[in-house]
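Join the two chains, each given in its own frame, into one complex according to the hints.
Chains as they are written, first to last, in our numbering: chain A, 1 to 437; chain B, 1001 to 1942.
It is worth saying that the hints were derived from the structure and are not from the lab.
Wrong hints could be hidden among the right ones.
[What the hints assert, rightly or not] Label-pair ranges, simulated between beta-carbon atoms:
id, chain 1, residue 1, chain 2, residue 2, range
1, A, Glu-43, B, Pro-1037, 21 to 31 Å
2, B, Pro-1067, A, Lys-193, 13 to 23 Å
3, B, Arg-1129, A, Asp-392, 31 to 41 Å
4, B, Gly-1115, A, Asp-392, 17 to 27 Å
5, B, Gly-1182, A, Gln-138, 50 to 60 Å
6, B, Gly-1053, A, Pro-381, 34 to 44 Å
Don't be surprised by glycine CBs; every beta carbon is placed ideally from N, CA and C.
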Amino acid sequence: MTRDYEPVLLANLGVPDSHRLDVYRSRGGYQAIEKALRQHTPEEVVELVVQSKLRGRGGAGFPCGMKWKFLPKDRTVTYLCVNADESEPGTFNNRILMENDPHQVLEGIMIAAYATRAQTAYIYIRYEYVRAHRILQQAIQEAYDAGLLGRNILGTEFSLDIYLHRGAGAYICGEETGLIESLEGKRGWPRTKPPYPAVEGVFRKPTVVNNVETLCCVKHILDRGVDWFLSIGVPADPNNPRDLGSYGPKLYCVSGHVNRPGCYELPLGVPCRELIEDYAGGVRNGKGVKAVIPGGLSMGFLRADELDTPLDFSSLQKVGCLGLGTAAVVVFDEDTSIVDILHRSCRFFAHESCGQCTPCREGTAWMYRILNRIRNGEAEPSDLEILLEIADSIGIIPGTTICGLADGAAWPVKTAVRKFREEFEEYIRTRKGVTVG
Amino acid sequence: MIRITIDGKTTNVREGTTIWEAAQQAGVEIPVLCHDPRLRPVGVCRVCVVELGDGRIAPACVRTCEPDMAVRTATERIEQHRAMLLRLLLAEHPLPCDAGRIGSCELERLGQRYGLVDQDGRVADPVLRRLRGLFLTARPKDLTSPVISVDHSACILCDRCIRACDEVQCNDVIGRSGKGHGTQIAFDLDVPMGNSSCVACGECAQACPTGALMDKTLTQIDGSIHRLEVIPSVCPYCGVGCTVDYLKDADRIVAARGRRGPGSDGRLCVKGRYGWDYTLHPHRLRVPLIRKEAYYPKRPLTTASSGGGKPSRHPLANPVPDYERALEAFREATWDEALDLIAERLAEIKKRHGSSALAGFGSAKCSNEEAYLFQKFIRAVLGTNNVDHCTRLCHASSVAALLECIGSGAVTNVYRDVERSDLILVTGSNTIENHPVAATFFKQAARRGKKLLVVDPRRPRLADYATWYCQILPGSDVAFYNALMHVIIRDELYDREFVRRRTEAFEALEATVQHYPPERAAGLCGIAPELIEEIARAIGRARAMLIFWGMGISQHTHGTDNARCLISLCLLTGNVGRPGTGLHPLRGQNNVQGASDAGLIPMVYPDYQPVGNEEVRRKFETAWGVSLDPKPGLTVVEIMNAAHEGAIKGMLMMGENPFLSDPNVNKVREALANLDFLAVQDIFLTETAEFADVVLPSASFFEKTGTYTNTDRRVQLGRPVLPPPGQARPDWEILTELFNRMGYSCSYSGPEEIFLEFAALTRSYRGLTYEALGTDGKVWPVPEPDSPEQPVLFADRFPTGSGRGRFVPCHYAPPAELPDAEFPLVLNTGRVLVHWHTGTMTRRSEPLDALCPEPYVEINPADALALDIETGMQVQVSSRRGSIVLKAIVTDRVPQRSVFIPFHFREAAANLLTIDALDPYGKIPEYKFCAVRVEPLGTRDE
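Same shape as in the complex, but just chain B (with noise of 0.2 Å):
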């Protein structure tokens, strides 16, 4: 510890603080401009310098404390530096600038302090009003980025956003041109903003301290920014879970900012800061609907639920051109008639039919709550264990091999956890488009030195910034990491102590991975051997290895293989149980982990307890008063395939949207068609609830309470923001009005006690309470209310039968449909940054549809060469189920025979093509290999 004195208030620090970060600590305010706790800091405003002991002036900022250094904040010399810095910056300034109209920008307050400028924005300094006077020139703002306006004219020139961009965000698009007085903040190589390889996160807008950069909603508010209301909740979108303080005018949101957490730091991506506009959409269902008798053969009602929609430019953000016809089949009911009709519906079938003819979609959009208390519904009421979500369409292998191999589907280690890592692998996730603010964090600890291994057929961004970027072929997953832990035991570069302590089964690996050498490996996965040897050397003698991995591992007939070969390098290399080493499914959903931890599963109940199991079962059935199927039920793909055939009827569906998210559309259609009963809550009138019978109109995610549990296996709490719209409810209390109508009373308070019902019948949530989730949330398990916290599992032993981890080997084996002469070339499906899923909210949210309108495919130049195809061009792709038109994006992203569409169109949805067959273990499709066709409509001269 250093002792100091600031202002004669005496300080102890520890070595290494800086004067300001002492002065914050003593409660001595020293003013800064260019400085935000966030950065590194740079020291160019100069505003933060004081006085040192010997006189000499030094910047705060940057200046670290010496022992017994006196620091004197605000003497007179000080302060007129500090004044004629300010007159120097505010000659120039707009007054008010954007930020100062509504009273957010530093500099102007800081005018204001040292009385240059009036509470009215006025100058009041005659110094201020000379240079004023005579030099005013202002610099053109740029209006090009759907997200942010940029103002030259009030730039101090502070490079908080130049930090934020390559520093926090690693993205680098923000520098400076020209030198001097002339000096401007430029992106990439100057040219308007939205021009740039700007992603739109908004960080620089976050970091600016005036108008330079700002949210443009932010610059169309009425008053003072102060006067907002400030609600801290959470990101709605994926399993990152950031934190975000939303910012309320009436009944608007007009901004979201990123908060600081023990996860996201305060970083948000562009969905997160921007995409929040859907909740207000005109779209919203208001009211309860019940589709007409003349609509009756249901049929699909919009363009694109037909299968034969046209490509055709949409007006902005609204991706259903033709909504109202789909609302021309409904007429508008009460709650009471709706609810009725669905209690009575569902009541019918389950006599005539059996439980088992009827089957629930929940889904990962909400909350822990409702998850919990739908699949209560289903299982207790409706009498079956036919529910699920879609966490089966995305890590349903993986946790199926987690499960397997170390006992339990949850993250060991937390993704900000690559801090304390020396290699970081990443394999089969987009990371960068998929979870952005992850991906910050690799991207950060690639910058620091850390050795960063990244996968994937489809060339990610995320690759730019790797030590190793391996181009596997697709579906050659196995054979890679085979030939990885080949080399790794051969050059006994393994950890012997922890697979001797820790594992069973080695030998088992050790004959299997006997039969890939690098020679063979390289034929089947297309990976140099001399690449592997390479890697596996750097992965044997790395200290900590972290392993994430997204889609591109799970969604394949032989997904759970994929996950079962990271898991067995992990334990091969003793990287379980330490900080920086583990296993990260990196999770899709904002609650995919939450509402899987809530039961939302067909042979699980709430906390991965088996439904098979006889003790479980009673358990389950005395907290919830009734008797339990003791049959685990159909997955999400076997529930469709089962309405297809006629064996399920009924269908509740709580936010989910199959009709897009589910394999080979087509058949989901005939599916959904077939059904004697579908009711849908939802916000919007999905292309699903085309198909449905009442469509109950759901509050959204900014519209109530419920907690959500992130990657991490973080829980927080969402808060809501607005008051729902028109007579929308949220799925808790529709549920409750459901349970209540089929002869299970109950009643809740609220989302809380449903909450502690929940956690009640779990290990990993018992201790939880909304209370002790406060803002930053807490990373389960936590068994009791005074649990620590684990960021690290596993350090001891597994919570496997043995204590041990399993090594399971697998063998290569080829995907379901290979390429052949009719559809030569592999599609690989995925999402982009700015588009979610089933784009059922991106695509009404006005700033994220105007930066990717409309929907394309990915295909490699060479490809694309021999079939005369050129970026722009309209083309057919045709699978053996469908076929979608679209425009052609040629790129070598996508390695040759291989094209790429992201499945978040109803327009062209991917999912027509895709294939709908399952990992025999987890369940999960096959979307990222299927044989397709690529025809050009027309020709190049057209």
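For reference, chain A alone in the conformation it holds in the complex (with noise of 0.2 Å):
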């Protein structure tokens, strides 16, 4: 079936000069903003969002109809947030569209910010993304100079503003909220919702933050309609009412050991093991498989017996993972020490905690220790009792965080030592007085 997937969002990838407004333009570029100004009233396109259970592509899957219609009725000022500071390790698909396909992206803030009436988008962009800052500045330069930004675009009603703003590299940042403060110019903490942005957001008023992807996605709900996005995908389970299903397409970034890491476009719901074997190629050097991560780091870890899972919004939390996440998997082969593993993702949200919350300021740092404990060979088998005790009481989904960096530094502690329980405990008991570099 995902043979004959013909890529939208990647179309114009490897088309020459393809972040150029003429070439663009010449692909089909702004007709769905075209069609959305003349054709459709904002809160239609809000509609046609809604129908098409279009869910946020940058981790948590939120519907982003739903989203919108959070917005206040009686709002008189609206920001839109642009999340472009892709950060969760493994995770490349926003830097290709920016990169490559700039237009494509402005279009889809165009069709967004009409939709919920905004009049200024902010660009949160990452700030190693140093060339797709570029490419998306000259792009946002070519679309005021041709009159498609500025005041009354193509000659309507709708104004809008663009600004591109750069990160300073934290990880937090792509919280929403920690990205709202750091874009006011405050620390990137996060805020305690609720209120949530729709309420409260940029400079305390009602704004709407989404991913790059997602918004991509919605130039292609405009341009090609509700029943195109929902026929691709996987329904919602009919016997499941808290199901939204997994529809559209979705950009999977697979890195690791295979032989062929790249941006695959696919439908949702592609198995995971057709997505490493099909496509990124099998594994290096015909190895087997120890451990993939199927959505970014803080999802947690699939084993090589759960490879058959769709990678779609429901299916992961079924084999314990935290979800789809940004759908970046990353392949790990038999060879590769899964404490190492965790001793890394460990390392990595120790460091990215803001220190807020207590439970994430002390668990992260707590787990990290004990990860490098283990290491040095001076652990003790009952230390992963305290390892998954930490893990199990820290984030948002136990309750104890004000955003969900604590459950994306739990979930790979809690997958790991659980599913990978006689390598932790035969490393511990091998390793003891041996002393790691």
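See the structure below:
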């Protein structure tokens, strides 16, 4: 089924000068915004997105239309924030979109701004994306020059200014309220919710925060229609009222020990094994798989026997992962030490914790220290219990932190230790007294 | 109302109530670490999480109640989470930390509750032991602040200190450095606390739940803090009158804590929190003293009071290095001997030269009871109205103007009414240093978007928070305010209805201010016409404007005119008699309002009843059983002049130190030396007492009961914390002894009996008793016991003859002594945050003196450059009246052609330089303007 899938989001990839406005236009670009402006009221655009059941591509999978509908009716100012802080380890789809098809991103932003009545959009782009920043800035200038941004776009009442804002290199600024604080010039500390950004966001005004890929999907929903979108992916389970379905295309980033790492556009729900073997060319050197991170580091691990799990919004929880996340698939071959992987994971999250909430600040640090202890051959098997106890008690899901960073730190620990328990115990036993550099 | 259930208990709460608050109401305790009801909830510690009906978990301190919420506060899951959280926090916590050692560490207390730590502070949990065993890394302590110890190891990053510093005191010193587990609280850009811009208010230490930030004095006590006696009282320093709990260990105060009350809301400044140790200083007077024969004729006893003090650093908290030499001039006496001598000498002068040869200075540091008794003694026993106190030196002109224009000298609105204003004008007031706690409310109001206009020739720190700061030329206030009123009338932005209904003489004002178009005023006051226009429009359009002013307005030869302008501005714009409006001359001393209320003023009896009024006088003659002098007495500076000329021959001084506080000290010295007889009651041998014949040891503020009336008209009860040292006695007791010895028999069972006698003779205090005051005090007027409190006065009429407010227009006039070629700079004097007036108290407080140990003069960089002066150099500052030597600080806080000197320092007394020219109405000296010359001593290279 996925064999016949024709890329949509990446359709312009590989086209010469795909980043240029004229090339984008020659390939049908900026027709979706034209259609939205001339044929639909903002409310109708919102309604289309609601009907498409588009779910956010940034990680949490929150329904995009519902997010827009949360905006208060009586608002006078609305801000649109584009989350291009793409920092989840293993994830690079936003970068590909921004570098190769910036106008697609801008068109998505324009449609979303029209729908939400925002007249100002901020693109919060991660500091390290130097090239994407340059290309996007050029594209914004081109769009202004062509009358696609600024006042009275395409001769309509619709006006929009887009500001490109560079982050300063913190993972936490990818969390939507951390992003907002950072955008306001403050420390990137996630805010207590409620109030949600839809009610009090940038400068305490109603705000929508959407991921780059989500907005690109919006453009295609306008272009091709709701039915097209709903025809792709995995329908909601009729027996589970809480399942919102996994519709539309998705950019899967594959990295790690595979023959053809890269970004693959496929319908949501592609089984992990198919992605690795059919698209990414299988594991390097004919090795077997030890573990796979299915959706960015914070989602936890799949074991080799769990690779048939479909990569959609609801299947991964069934095998103990946090969710689909950013759909960044990292593959580890059978020679890799799960202890080493988890050590890196814990180091990352301890470093990136903003330090605001106690459970996360202390919990991530202590998990990292315990991993260090294991690697240094100083641990007792009972330390694994302490590790799990900490991991089980920190995060939004247990309800103890303001944002989800701690969940992201805990899930790799929980899944690694529970799924590879013997390897940890073996490691502790054999490493006792051996120091690793 | 919202109905919610907490652990099965149903309770109704107002919308917006948090779960934690609702639980408090329902009597369910939810543990917290980062939450403090005084602070904005942030929900970072996560100890307070509770389980909601649907199984979700939410932090109780930030989550607001929703209808029919069912909250469970201690499910197994929650308790497990809390235990884990506490383990993580305790894993690196010193056991015990400094606070834990005295039983005040909230983390350790919770650890005990969850069985992680036993009662002796030993680890009782295997997981915690495992964590601690391997990774205990101490972070270094920071002991650089003189008053607060910082222990980063004990810090749990609850951010209470940050919120206390940034949001309560608005000082923005504390923040966080680093991120994740490397996070630490940091001062400024992560410098040691003692080197930071910290003003040592201690709000952070009071807020800290652990030993991370602690009063150094508390780190030194033995045993538990809970065994200490807690005495609710008030602060002895400024007119804000903060409510304080003193913690007492045996015969020592070991800490002061802000107590939440209707005024200060639990906030304190550095003086209130750390400046109480003067009361234990070895210099305290313990026995009555009589001057030895060998020390006549009188002359100064110490280097500083001789006027030729050499500028030298003195040992900590000892402003009088040659104190022993001063004591040498006196011999110890018995109370009887000393009191008899005073009675005998005063009677003798009265007999020989008449009552008008006698005078008394009371003090705004003494209680209402003592002020009342003192003026009664001077009037009823000595027979003269020559009784005054330092109100003459601070707000006499303001009061003169207020009485003239609106018929009442007290504030119309309390300072916390800023919360209901939308424009706040602060002028001639360095509020952040002189009324620090009131200033916190101004800063908060500005932060919350209210407009703040600051007018002052010397840039006060409050200007940093202001919407507009106007650095007017010294002494040009009248021109500036007349210009504002010019624009307001010209553009018809005034409140016509208010002016018509509530005021009189509007035409006179109109006629006067028409001569002050902004273009002309700009030339006089130095503010651009456009800015004058902008501000005038903002004032004209403000819904509620509240004006605060201080000595910068009053201490001028045209101080009364300055105040008249402010009053006119309020009347013109209808900003009196409503919430958030009004006139508030910020009172300086803790009891300057009360001492004035009690009649320590030469022209009025208690409650401002004029001595010249026959009916009033008869009332007091009946009450006191003697005939009284109908002639108003002399004021402070007039009394000193009279002493200088020999017309005043005998004086009684209760807690006043005119030697340093009065203008033109050299003249004061001669006047004091010229007195035939001087008796001083005080807690230390002050510069003034060096000229005394008899010195009586008084009990300090901390050693007696009495009421004090703050700037808000709030009467509050001060309670004794310590016993007086040696034979020292409260001033009221000393006075009753003098009454009896001079043939006026009286006896009081205690201060309350005096209070009731005083209150009965007034309207404002009549309904008050000590019991009614409680711990929060009461704002007068309270004519009947059940009178409602009136934080806002004059809603319908003014207490004037016509019931209307009166415009008294004034023209700009230059100050008395203008700079010239010989004395080219303008001297401005004032105070600094850590010191109090003549330094008698604060310079004997170890932490306060450590924070600001020496005198200095502020000079503008341009003038400094021209004079070849740089910061730290010794310079000589001279006026026509005297000369002092002190350190220079080059700063653009002072405008060009102007210098500023704080007057606290006896070794370089600013008042040797000041001029004793008086305002004709308020008789207040012009402390804020005289001509001086500055000369560097030595060169830069030295």
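Against the structure, the hints come out as follows:
Distance hint check for Glu-43(A) and Pro-1037(B): the Cβ-Cβ separation is about 44 Å, which falls outside the suggested range of 21 to 31 Å. Here the CB-CB span from Pro-1067(B) to Lys-193(A) is close to 20 Å, well matched to the stated 13 to 23 Å. Against the hinted window of 31 to 41 Å, the Cβ-Cβ separation of Arg-1129(B) and Asp-392(A) comes to about 20 Å, which falls outside the hint. Checked against the given bound of 17 to 27 Å, the beta carbons of Gly-1115(B) and Asp-392(A), roughly 20 Å apart, stay inside it.
Between Gly-1182(B) and Gln-138(A) the Cβ separation comes to about 38 Å, which falls outside the hinted range of 50 to 60 Å. One distance hint, 34 to 44 Å for the beta-carbon pair Gly-1053(B) and Pro-381(A), holds here, with the actual separation near 39 Å.
In terms of the numbered hints stated before, the structure departs from hints 1, 3, 5, listed from lowest to highest.
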